[in-house]
Each structure stands twice: as C-alpha cells, then as structure tokens.
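The lines below spell out each chain.
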Amino acid sequence: MSSEILSPEGLRCDGRRPQEMRKLKSELGVSEGPDGSAIVEQGYTKVLVSVFGPHECVNRNLRDHEKAIIRCSYNLASFGSGVRKKKMVSDKKSTEVGVMIQNTFEAAVMLDKFPKSQIDIYVQVLQGDGGERCVAINATTLALINAGIPMKDYVCACAATVYQDSVLLDINHLEESSRGPLFMLAVMPRTESIVQLQLDHRLHNDHLDKVVKETIQGCRNIQVLLDRQVKEWTVEAAAAYDIKPRV
Amino acid sequence: AVVSTQSTGSGGSMEVVRAPHKRTRVIASQDEDLEKHIVTPGDVITQNLDFMKSHGTTLGNGHISSTVAGAIHKVDKLVSVRSVSSRYRGEVGDIVVGRITEVQQKKWKVDCGSRLDCQLQLSSVYLPGNVLRRKNLNDELMMREYFSEGDLICAEVAEVGNLDGMLKIHMRTHEKYGKLPEGLLIKVPSVLIKRSKLHFHRLPCNATVILGSNGFVWVGPHFIPEQPIEAISMTLRETIARLGNVIRALAAYGVQLFDTIILTGYDISLKYKVKELLKPEVMEHIAQESYEHSQHQTL
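So the sequences go chain by chain: S and P. Residue 11 in this note's numbering sits at position 11 of the first sequence, with consecutive numbering throughout. Residue 1072 in this note's numbering sits at position 72 of the second sequence, with consecutive numbering throughout.
Honestly, the hints are just simulated from the structure, not real lab data. A couple of the hints might just be wrong.
The calculated label-pair distances, taken between Cβ atoms and stated as ranges, are [unchecked claim]:
(1) P:Val1075 / S:Lys25: 46 to 56 Å
(2) S:Asp14 / P:Lys1279: 39 to 49 Å
(3) P:Lys1187 / S:His65: 41 to 51 Å
(4) S:Thr191 / P:Ile1229: 55 to 65 Å
In this text, all values refer to a predicted model and were calculated from it rather than measured experimentally. Built from N, CA and C at the ideal position, the CB exists for glycine as well.
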C-alpha cells in the first residue's frame, strides 16, 4: 500500500482503479435476538446492524397515530478505529449520524403501515476504514429486509472524492483524510431517487455532474451484490419455513 | 470445528476454544423453480395494473413492485408477496401466551411479540372462583391483584383491529386460560407454530407445553388455573429444562413445532445430559433426527 492517493499509473493507495469499488461481503440474520440483523463488509470497514420492530411505541410523546417512528443509534466500537476510543458515551458526531440514518430510512420504509409503532435501528461499527456511514446504510437496508419490514426499494450508499480531476469511488480512511471533498449519496436504485446527500469540505461545481453520475453507478453496483445475498437467504428461508409461491 | 484441550492434571478434557458453527437448514429446498418466484424490495412483479395489490406490494411507476423479501402469491386478480420473516400477525381464535406490560384503566396491555401490544379488557376476564360477572369500581381498583406487570398469561384472540392490527384477547373458559405459574418461556419464530385444534399439551413426562400461535412457548408443570401448585421436584425441573432445550434445538433449525415432534425430540435427547443439548452439533442432530422421524410417520 502506497501513501499516494493516486499514482501516476492511475492506481489508488490500495491498488484499485478510480472507479473500482472495495470487495463487498454481506450476511443476513447474524443475531437471534433482534427481529433483523446484518453484517456488511466493504474492504476493511465492517458494520453490524440490529433492527427491532415494529413494536409498541413506549414513549407516549413520540407516538404517532398515523405511522411508525424510526429511532436510530449509531455507535463506533472502541476497538473499531486505529486509536482506541476512550469515550463510551455517545458523542455529537454519533448522534448526528444516527439522525441522518433515521431520516434516510423514513423515506424508504412504508411507515404508514404500522401506526403507533416504533422501529429501532442499532448500528455498531466494528471496524472503520472509511465510508462507515455508507456501509451503515447498506447494512441497515439488509437488516430491515431481514426483519420483514416493508420498504419501497433498497437504500444503497456510496462515498466518493475527487483527486486531480478523477472521481475516486468507495473511499477508504486514507482517502477520506486527504483534503479533497467527501461526497456521499444514498439512493434507491430501482426507483432512481436520491434519499440522502452529504458533502464535506468543498467540491468544485465543474465536478458535480461527474461525481453524482459515478456515485449513483456505485450505488447500483452495491445493490446488485446485496440483492444476490438477499435472494440466497430468501430462497433458503422460504424452503425452511414452507412458504410456497403461487403463480 | 471444535478444538478441545486435555488438561493433564485432573484428567478430564476441557473445551477451550470453539469455532463458530455454521448453521445449515435441516429442511432443504426441493423446488427448483422457487428462485424464479422469489422477490426482494423494489423488484417488479408485474406491469399489469389490473391486479389488486395485497400484502407486501406497492404501486411503482406503472408497475406493481414488492416491498418485502418473499414468494409471489397470485390468486385470480389478487397479487401479494408472502414475506419470509415478519412479526406475528394474529387471527381470531389463536391461542397466545403473553406478558403483561401495563395496567391501565379497565384493561391490561400484553406483549405477545406482535407489532403492537395486545389489549386484555377487564370485562373479558374470569374473576377468582370462576366467576364472569359485571365488573364494578372495586374490581377496577383491584386489577393489579389479578394480573400485574411481568405476569405470563395464556389467552385467546377475540378481535383483530381493522386499522392498526392491534389484537384484543380474552379468556373464554377458565380451565385453560389465565395466569401461568412458574415455568419456562421460549420465544420461537411464530411461523414455526401451525394453527391446530390443540395448543395446550399435557405431556406424559409430567410437564405441560403450551404452544402459543405467536411463537411464545411455555413449558411447565401440570397445573389448574387458580389452584396453587405443589413444589416442583428436581426431576421435574430437569424434565422442563430438557423439553425447553429440545424446543430451542428444533426452532434453531427451522422445524415446525407440535406435540409429537417435541416428544420425539425429547426421547432422542435422553442420551445426552440436559446442558449438552445446548451444543450446536447436538442441537442439529436432534433437529435432524426428529424431523426425519416425523416425516417417516406421516408417510
């Protein structure tokens, strides 16, 4: 691994080409306690998400009589980053990411099917090597599907940066630490709608169209891989629980 | 894989490290076409908008798409997707086991693993002494004497709410429903418990098993509601624990639960110690053999 963001040959620090994504591994139903759970690994970033619900909304102040509410808690494990995290209490950044994920899925989950209920999403970043928010969103999508909570479509997220006029997709920690823009998109690939957009630092207007186009493609690529895993799990579970199709 | 080390001092083997055990399904897919009719959220089911949409579907841009992961179900003009995993959705007549979460005015709120807590009205409960009469103000104040927060109860689903799906439960007869005494509660996926005539099973090994349709399974001693139970002996405790572990093993491998298969599993498990039944290999063995045994019996 070199420490240059982009070598003269056009290779990134981990040997990838600019539009190449990291290796994606995913698994559904990893925990027995929650209604739904999933682990997604993109490169060295590994996130575990557990979903509980829909269940009775215990807090009367938050209860909505017309739809369900989503509560999300985002947490980076103390062993999850290069330097051991000393603070165990949730900090501002974690709360902010939690609210961001909550807003993202409020657009995708069919909340009006469950009035007066609550859906809890617990995100645990086990290993952080860049793009933790994106992997968190991808893992949450899988966990919600695992729990059987109806959604309009997958929500897939991808982050990108621009370096020397090249768009680098699915950035790792080293690329995030460079002074370039940090552009994150969460999309619903089949319905072709953008559910979340985050930009840190500064992105030149000339690069905007290119970055958006590449990132959406990156999200589409992720959706194909996640869908493969979900279909595998669904076929197994349908056979085991004797759920037969009827066409 | 299991790595065990021999401790030379005491002479017994000590298992120190166990690698994770990959759980394989006991019931494998027999239908090659299954894959073609499996959909995931966002998948297009049909472009024909004449179909009526039911559970698990939504209207997209000129097509009907799925909202859950499951199998397509088309009956005449009705299309739905049967989700592979979901919370318990009650139906009138189901027997459920639940835990009291709240005591409100004239009703209790019960958690039975569904999307909303169930409601148990004071008016649909038998008072001590097998009495069903009109409840007065005094009864309202004494609600906590009958059921308080944390109690386990067994009841029947009377009504399913139209708008929100909230279940209303009642205790229709005195002999079977009511507060459950000390026992073991095991939560299994509700899809593993098929609706049948009998949910309340008095097993020959001196234990009772109640298979709630909501996936809550209660194992305990034989009891008559309202009557105090005698002290539970060590052998009965072992029996109850063994039955509990057998049920956990069957549920872990996706085997449908009913009384005969639980008894078969119990008989197969007798050669192991009760605590050994928690090992993944043993659980798989019990689930596999019980399932095969039950298949032979039906043939």
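Is the hinted range of 41 to 51 Å satisfied by the C-beta distance from Lys1187 (chain P) to His65 (chain S)? violated (28 Å)
For the pair Thr191 (chain S) and Ile1229 (chain P), does the Cβ-Cβ distance stay inside 55 to 65 Å? holds (58 Å)
Given the range 46 to 56 Å, decide if the beta-carbon distance of Val1075 (chain P) to Lys25 (chain S) lies inside it. The hinted range 46 to 56 Å is violated for Val1075 (chain P) and Lys25 (chain S), with Cβ atoms some 38 Å apart.
For the range 39 to 49 Å, tell me whether the beta carbons of Asp14 (chain S) and Lys1279 (chain P) fit it or not. holds (41 Å)
Of the numbered hints listed earlier, those contradicted by the structure are 1, 3.
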